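*Asks:* Protein chains in written order, with the numbering used here: chain A, 1 to 113; chain B, 1 to 117.
I should point out that these hints are in silico values taken from the structure, not numbers from a laboratory. Just so we're clear, the structure is a prediction, and the values are computed from it rather than from any experiment. One or more hints might be untrue.
Simulated restraints on C-beta separations [claimed, not checked]:
no. : chain 1 : residue 1 : chain 2 : residue 2 : range
1   : A       : T100      : B       : G16       : 44 to 54 Å
2   : B       : E52       : A       : R94       : 14 to 24 Å
3   : B       : Q60       : A       : Q44       : 21 to 31 Å
4   : A       : S28       : B       : Q42       : 22 to 32 Å
5   : B       : Q42       : A       : F50       : 21 to 31 Å
With a Cα cut of at most 20 Å, we get these calculated EDC-like pairs of lysine to aspartate or glutamate [what the hints assert, rightly or not]:
no. : chain 1 : residue 1 : chain 2 : residue 2
6   : B       : K41       : A       : D3
7   : A       : K68       : A       : E14
8   : B       : K41       : A       : D83
9   : A       : K105      : B       : E59
10  : B       : K41       : A       : E38
11  : A       : K36       : A       : E14
Beta carbons: idealized from backbone N, C-alpha and C, even for Gly.
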Amino acid sequence: GEDVEQSLFLSVREGDSSVINCTYTDSSSTYLYWYKQEPGAGLQLLTYIFSNMDMKQDQRLTVLLNKKDKHLSLRIADTQTGDSAIYFCAEERRGSGYSTLTFGKGTMLLVSP
Amino acid sequence: GAVVSQHPSRVICKSGTSVKIECRSLDFQATTMFWYRQFPKQSLMLMATSNEGSKATYEQGVEKDKFLINHASLTLSTLTVASAHPEDSSFYICSARGETGHNSPLHFGNGTRLTVT
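Only chain A is shown next, with the shape it has when bound in the complex:
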């Protein structure tokens, strides 16, 4: 199959760290993405990681990739109320002349003061 799975909901307190997990099935995935969607808005690219990397850090965001387990996580340090949104994990496979992007169903992150 080509499923990307995420937990549907995560609730944290402001200042704590948030960890959003994602599993994918296609070992030939080349790029893995994390997008943020606020209510009524489009998708905002947060970060992405190439499949030959294990970790990528960008300010408060840390992405960990475990290729053996096909597991991707997004850690948000010092979570703020403005981080409340839906976070989508997506895997992309590219071949000669084609590219397919498969999204998970999204994880709703709720940050309480």
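Knowing the structure of chain A, use the given hints to seat chain B on it.
*Replies:* Only chain B this time, still in chain A's reference frame:
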């Protein structure tokens, strides 16, 4: 960074009318753009891949006569929902790769919420 602009952000129309949605790459050329549809509380579903200067490639189950795609220039793709009906009400999002080449991520527009009454 790469910016994708989508217009309009919201449209309400009567059943039977056609609606055109524009997707522009503002600071880069995009030979390929993608159109997605998102149902409430669900993930994105790829509808079609828009190729500059050639016909769009539609995903299985997407009616090409209902969802007309035109990619006439390297910075503009349009999606026209022909003779819209209430079941076409949805959130439509376009995306484009940030730059030519294989090592750039997909950037998305802010989406268009279509409501057909």
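*Asks:* Indicate, hint by hint, whether the structure satisfies it.
*Replies:* How the hints compare with the structure:
1. In this structure the hint that T100 of chain A and G16 of chain B lie 44 to 54 Å apart at CB is violated, the actual value being about 34 Å.
2. Distance hint check: the CB atoms of E52 of chain B and R94 of chain A are about 18 Å apart, consistent with the given range 14 to 24 Å.
3. For the pair Q60 of chain B and Q44 of chain A, the beta carbons lie near 28 Å from each other, so the given range of 21 to 31 Å is met.
4. Distance hint check for S28 of chain A and Q42 of chain B: the Cβ-Cβ separation is about 25 Å, which falls inside the suggested range of 22 to 32 Å.
5. Q42 of chain B and F50 of chain A have their C-beta atoms about 28 Å apart, which keeps the hinted 21 to 31 Å range intact.
6. Of the pairs offered as hints, the one joining K41 of chain B and D3 of chain A holds, with about 17 Å between alpha carbons and a cut-off of 20 Å not exceeded.
7. This hinted pair does not check out: K68 of chain A and E14 of chain A have alpha carbons roughly 33 Å apart, beyond 20 Å.
8. Simply put, K41 of chain B and D83 of chain A have alpha-carbon atoms about 18 Å apart, close enough for the 20 Å limit, and the pair holds.
9. Restraint check: the Cα-Cα separation between K105 of chain A and E59 of chain B comes to about 19 Å, which is no more than 20 Å; the hinted pair holds.
10. Between K41 of chain B and E38 of chain A the CA atoms are separated by roughly 12 Å; this keeps the pair inside 20 Å, and the hint holds.
11. This hinted pair checks out: K36 of chain A and E14 of chain A have alpha carbons roughly 18 Å apart, not beyond 20 Å.
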